[in-house]
Amino acid sequence: MSGTALAAPALAASDDLRRDRSGGVWRRTWFDRIVGWALPLTVLVAVIPILDLAYWICVRALPSFTLATLTTNPSGAGGGLYAPLVGTLEILLLATTTAVAFGLIGGLVTAEYLDEAGAGVVRVTANVMAGIPSIIVGLFGFLAFVLAFGWGASLAAAGVTLGVFMTPYVFRATDLAYASIPPHIREAALGSGARPIQYLLRVATPIALPQVLSGVFLAMAIGVGETAPLYLTTSAAAIPPSGLFVPAGALSLYIWEDFQNPLPGAVHIAFEAAFLLLVIVVGLNVLVRLIGQRARRRLEGLFQ
Amino acid sequence: MSPPSSPPTPQDGQPLPAPPGPSSSNLGALRRILPYIPALIPLAITVAIVLVLVQATHFENFGRSFWSFNAAQNGILIYVVGSFLTSVPALALAMGIGLAVAIASAVYMPGWLASWTDPFVDLLSGIPSIVYGLWGYFVVAPYFKADVYPWTTTYLAWIPGFAANRTSPSGTGASVMLAIVILFLMILPVTTLLMRDALRSIPKDLWESGLALGATRWEVTRRVSIPYCRRGIWGAAFLGFGRAMGETVAVFMVIGQIPRLPTNIYDNTSTMASLIIAEVDTAFEKSSVGYQTLHFLAELGLVLMGISLAVNVAGRWLIRRTFTEVAGV
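Chains as they are written, first to last, in my numbering: chain A, 1 to 304; chain B, 1 to 329.
Take the hints with a grain of salt, since some may be wrong.
[Said to hold, decoys possible] The calculated label-pair distances, taken between Cβ atoms and stated as ranges, are:
| id | chain 1 | residue 1 | chain 2 | residue 2 | range |
| --- | --- | --- | --- | --- | --- |
| 1 | B | Val54 | A | Pro63 | 48 to 54 Å |
| 2 | B | Leu30 | A | Asp52 | 53 to 59 Å |
| 3 | A | Glu187 | B | Arg320 | 22 to 28 Å |
| 4 | B | Leu156 | A | Cys58 | 50 to 56 Å |
| 5 | A | Arg294 | B | Gly306 | 39 to 45 Å |
| 6 | A | Glu300 | B | Trp116 | 18 to 24 Å |
| 7 | B | Leu156 | A | Gly150 | 35 to 41 Å |
| 8 | B | Arg223 | A | Trp26 | 40 to 46 Å |
| 9 | A | Asn261 | B | Arg320 | 45 to 51 Å |
Don't read these hints as lab results, they were simulated from the structure. These figures come from a predicted structure and were not determined experimentally. Note that CB positions come from ideal geometry on N, CA and C, so glycine has one too.
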């Protein structure tokens, strides 16, 4: 008796839906089905450009791509990409170090030591910082490191500027990694007599580390392709950097310098550099995905 | 050693209060303040960026000529208009297609299919800006010039700005339209990811009670899910817009980079971000022109920073969650 009474509003509402403006059940069902076929097709808008881009970069880079491309320095509108490749890796190393130095402790502390309100505010600031355009960070690096600190266009200026740009990504990944550890793990650790520092170093960190690593790799994948901050803080040197305060070339800079160069060899160099950059970025993204998946599976295990 | 005034009561999910040590009140305050020092590094860097930009500007430069269309006297309105003219249509496209992809992925696709298509969308955001620019300049621009522009001038001439009374002056196919298309592809993953996440976060009860009332999946999505996710969708729009405004090198490569107002969609123009990178060479010079340019770029950068901060704060206020996902959104 009470069951029907409870169901009455629901039945009335379903009656409403049946007498809906959009027509009969048959028509509504078919509309749903057509939408169900049409909407997934819109994914092609994302898939086709990616495949086209990958195809054309390969088609225009691979015919002239040899081992010599990786082992010789660029010269004029020809030569290889040894110097920009080394430069990219060195800039990335310095940038990652900077970003980890700025972001890691902050993210950890936000997840572990701040109260909810404070952590909320801090997370908004980190997220907003992640939205600052890279050209603005580049302009900051140019004004602060190149001019005010007097480092000039150099490996140091480029690395630190890129590190500043990558900081919020490391910060957020670390925060998220520690914040997603289920609370009962902490309670179990502290309840069985672990000191807070022991919990942090020997319980939480091993759980969070894969996710932190995947965040660092993600930051590297985002940073390695950046052009604007590097263009403002270093210059496309043709030899690998011999020290911190000399210019270091980068792959993205070579694309930038060569794409408008009318000499025919320059365009080849640009496409070869783009191909290398794409390989590095996709490789890092795959790494992020693999580590992230394993971390998630482990975390799901902890919840059981 | 004195006992604390009230015994600590551990709550579920809350960090346990630190055990009282020697002089626990001082240490307690210190323990509460100290973590904020590393935690506020992102805020400190943001403030530092603003301060560095401000100290590089000349305040007297923010006069009437700064807010004018006169590019020769360092007026910035052409670039502001250029930024909006490219970002807004790109955002409109990215919101429409993004919502379609997000609904497809969150509602209609079987799990195995979504797990194949989602990475494509994520990867779209991983591709460096410069690679988009290279592809746009050497592959898409010639194609647009040969095939797309003739088609749109014939069949879409009724839309204002689509009838060509003057073709792209650079002759390479670079145009406002191409910039819009490339920007659209670059921000599509941002809007899609945020909306997909919002749509996936609706409570299962709500979804199932809609279906149980006899509504189709489309009707529940249209009348329940989308109103429920309104905040997330608006947030995606703000964050996507912020991303579009800040794009630099790809836009520079496909927009033609001429400081003037475009007369139609095939014309060239310039955006704030692309102007900064175009003028940096001059700013490196140690001459009076160089210093003038440096001040101008800092002023332009400050305006861009202001817009981007406002948009991002609004977007993050609407979407308070942090996203785990791969694209770094």
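Evaluation of the provided hints:
Remark: the range hint 48 to 54 Å for Val54(B) to Pro63(A) is upheld by a beta-carbon distance near 50 Å. A hinted range of 53 to 59 Å holds for the C-beta pair Leu30(B) and Asp52(A), which are about 58 Å apart. A hinted range of 22 to 28 Å for the beta carbons of Glu187(A) and Arg320(B) is consistent with their spacing of about 26 Å. For the pair Leu156(B) and Cys58(A), the beta carbons lie near 33 Å from each other, so the given range of 50 to 56 Å is not met.
In this structure, Arg294(A) and Gly306(B) meet the distance hint of 39 to 45 Å, their C-beta atoms being roughly 42 Å apart. Between Glu300(A) and Trp116(B) the beta carbons are some 21 Å apart, a value that agrees with the proposed interval 18 to 24 Å. For the pair Leu156(B) and Gly150(A), the supplied restraint of 35 to 41 Å is violated, since their beta-carbon distance comes to about 54 Å. For Arg223(B) and Trp26(A), the hinted distance range of 40 to 46 Å is not satisfied, since their beta carbons lie about 20 Å from each other.
At roughly 47 Å, the beta-carbon separation of Asn261(A) and Arg320(B) lies within the given 45 to 51 Å, and the hint holds.
Hint compliance for this structure: hints 4, 7 and 8 are not met, and every other hint is.
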